[in-house]
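Novice: Going down the list, the sequences are from chains G and Z. If you read the first sequence in this note's numbering, its first letter stands for residue 1, the second for the next number, and so on. If you read the second sequence in this note's numbering, its first letter stands for residue 1, the second for the next number, and so on.
Hints are supplied without guarantee of correctness; some may be wrong.
Derived coverage of chain Z by chain G (criterion: at least 3 residues anywhere in the stretch with Cβ under 8 Å from a Cβ of chain G; other residues may be distant) [claimed, not checked]:
hint : stretch
1    : 90-101
2    : 117-125
3    : 136-148
Once the Cα atoms are required to be at most 25 Å apart in a straight line, the calculated SDA-like pairs of lysine to any residue come out as [to be verified]:
hint : chain 1 : residue 1 : chain 2 : residue 2
4    : G       : Lys55     : Z       : Asp132
5    : Z       : Lys148    : G       : Gly179
6    : G       : Lys58     : Z       : Glu77
Treat the hints as calculated values from the structure; they're not laboratory data. Here a beta-carbon is modelled for each residue, glycine too, at the ideal position from N, C-alpha and C.
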Amino acid sequence: MRPFKYSTAPDPATAIGLVSANPTAKYLGGGTNLVDLMKEDVMRPAELVDVSRLKYAKIEKKGSGVSIGATATNAFTANDDLIRENYPLLAMAILAGASAQIRNMATNGGNLNQRTRCSYFYDVNMPCNKREPGTGCGALHGVNKNHAIFGWSEKCVATYPSDMAVALAALNAVVQVEGVNNTKRSIPFADFHRLPGDHPELDNNLKQGEFITSIDLPANKFAEKSYYLKIRERSSYAFALVSVAAALVTDGNKIKEVRIALGGVAHKPWRASVAEQWLIGKHATEANFKAAAAAELKNAQPLQHNKYKVALAAKAIIRALEGAMQGGAYGTMEADSTSKN
Amino acid sequence: MEEQAKLPDLTEAERKALEELMPDEMSEIITSGIKRRHFLKLFAVTGASLLAAHLLGIEQLMARSAPIEQQAPVFIENGINISFKVNGSPQHLMVDSRMTLLDTLRERLNLTGSKKGCDHGQCGACTVIVDDRRVLSCLTLAATCEDKKVTTIEGLATGNELHPMQASFIKHDGFQCGYCTPGQICSAVALMDEAKNGEASYVTANVRNKNKSIKLSDEEIRERMSGNICRCGAYPNIVDAIREVHGDKAVAQVWQFADGTI
Ligand SMILES: Cc1cc2nc3c(=O)[nH]c(=O)nc-3n(C[C@H](O)[C@H](O)[C@H](O)COP(=O)(O)OP(=O)(O)OC[C@H]3O[C@@H](n4cnc5c(N)ncnc54)[C@H](O)[C@@H]3O)c2cc1C
Ligand code: SF4
Ligand code: FES
Ligand code: FES
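Extracted from the complex, chain G is given alone in its bound form:
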């Protein structure tokens, strides 16, 4: 690992000042992504400002919704009573990610800023536009089985790996950000992460030095019917091939509101808005779920090695919606789906 200066900031303003003033400085949350990438020499910050002790770790009611602090750990957030009761989808998504140890370390702010797991990105001997703009994309015509089927560009076909963020996308969260001189802005979740386009080196729309203070969750009626389904190569402690956050509000069996977001398919959490539109006002039946999923996946653009993701995502949408209809009860869901697929 390259040498770097380490400091703990006494308050957010100092932290923001330090990182804004130095283009090679980074915030340090739990370090579970950044320290790993520094060991791999993929990221080379010359200065780390530890924000893990800053007082942004509260989870509290805010208006009719809930605000979750950026320095709260993933484990703390998933187990907070307000979150479990009102946003079980978020709790499930967080708990689907990584391992108990990592969730104890990982902060919410760090989770949103974690980088892709594209193996070309991780290997400094390989070309990668995200790591080193202009060197080309190793995965575009290389081994791209884990890569995107939506929204990619010739410059980058990577996926964004967070589970938590998929639920936040479905829940229309808002990211609260603070910059130098106390400048604040609110970023709707859909605008937080970005598609690669011509600048895959940028994962999201945060500017250097901007600090996430909290993530706000608006009130909703989805708690009764939501489910996070994660499909991976082993049943735990692995990144998603495809994941789905699904949430519904129904009137009898008629769908009044529906949210579907996909993970593992694009450079950002992918809101399946085509499927959502298709389902509004329809009955919550397997046939309708299937048709909605097909409508969404019609627009997929798979690469050479990831055509399987198109079929997988379609089935995952159906299963996740069924899981949500069953109240997100894990056990019933699993038993059902194995018999069906």
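Keeping the supplied structure of chain G fixed, place chain Z with the ligands upon it in accordance with the hints.
Specialist: Frame of chain G, contents of chain Z with the ligands only:
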């Protein structure tokens, strides 16, 4: 350990150097001599390179403390002073900002129980308990541990009495080569508290049920222990060991010695 006092036989330059580095201890050194712990601290606050520059004069004295010389870092850049507790005892060290908690435990504090499997957060062999939560010491920078309380596998037993989780791993043969075991046991010990707090997992039937003191099924134990990989595949026995400590009932031991005894 018996501390053997060495009479202070220092030149003026040596005395000044020591005074600069350990002002608090100086009067003690003058009156009762240099003890092993002073050396340890000296290494901790300086590191070998600094010592070489500052303390060439007391090289003689240092040489006599050869066994700990290996523990001293060769070179520290961006040094950070940290004070934290490891297995109950206060530690004060200067570490390179790049130093992980895992390397600090193993290379500086001689606590080699925590293992380095992957060094990238992917195996759990380095699991330790920091402020009552299980974490990965390979991705924890030592600099972030200021004021924290670290428990490693070496700190679980009370004197000669094994922690119940350690005893249960032995009873159930929860290992083969043993490399993942310290991490497995630290992880399992912290898991017991998580279950008492009613924390949920991905396989919890309904996360909206916020019961405390939940009873973990085998599936729950497996999911919650998934951050600890065992290349020997001792998983079934690990689950048995944890189930015995977690539940109140003894779990049958599945192995026996060749003569039929257990
Ligand atoms: C083996 C392994 C398996 C994993 N599996 C999964 C998985 O299945 N699903 C999943 O979702 N994740 C998984 N993860 C990733 C893990 O969730 C992330 O590493 C973690 O959430 C990052 O949080 P952190 O606090 O440790 O971030 P850090 O590593 O500290 O920081 C990450 C980035 O965020 C920036 N940052 C931190 N806080 C802020 C802030 N408040 N404002 C602005 N910028 C900030 C940092 O500067 C840095 O660039 C896995 C990780 C590992 C090592
Ligand atoms: S997909 Fe993106 S991250 Fe992967 S090699 Fe191409 S440019 Fe790099
Ligand atoms: S050594 Fe830390 S997780 Fe493998
Ligand atoms: S006992 Fe050998 S790795 Fe687990």
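Novice: Against the structure, test the hints numbered earlier, and report the numbers of the ones violated in rising order.
Specialist: Those not satisfied are hints 5 and 6.
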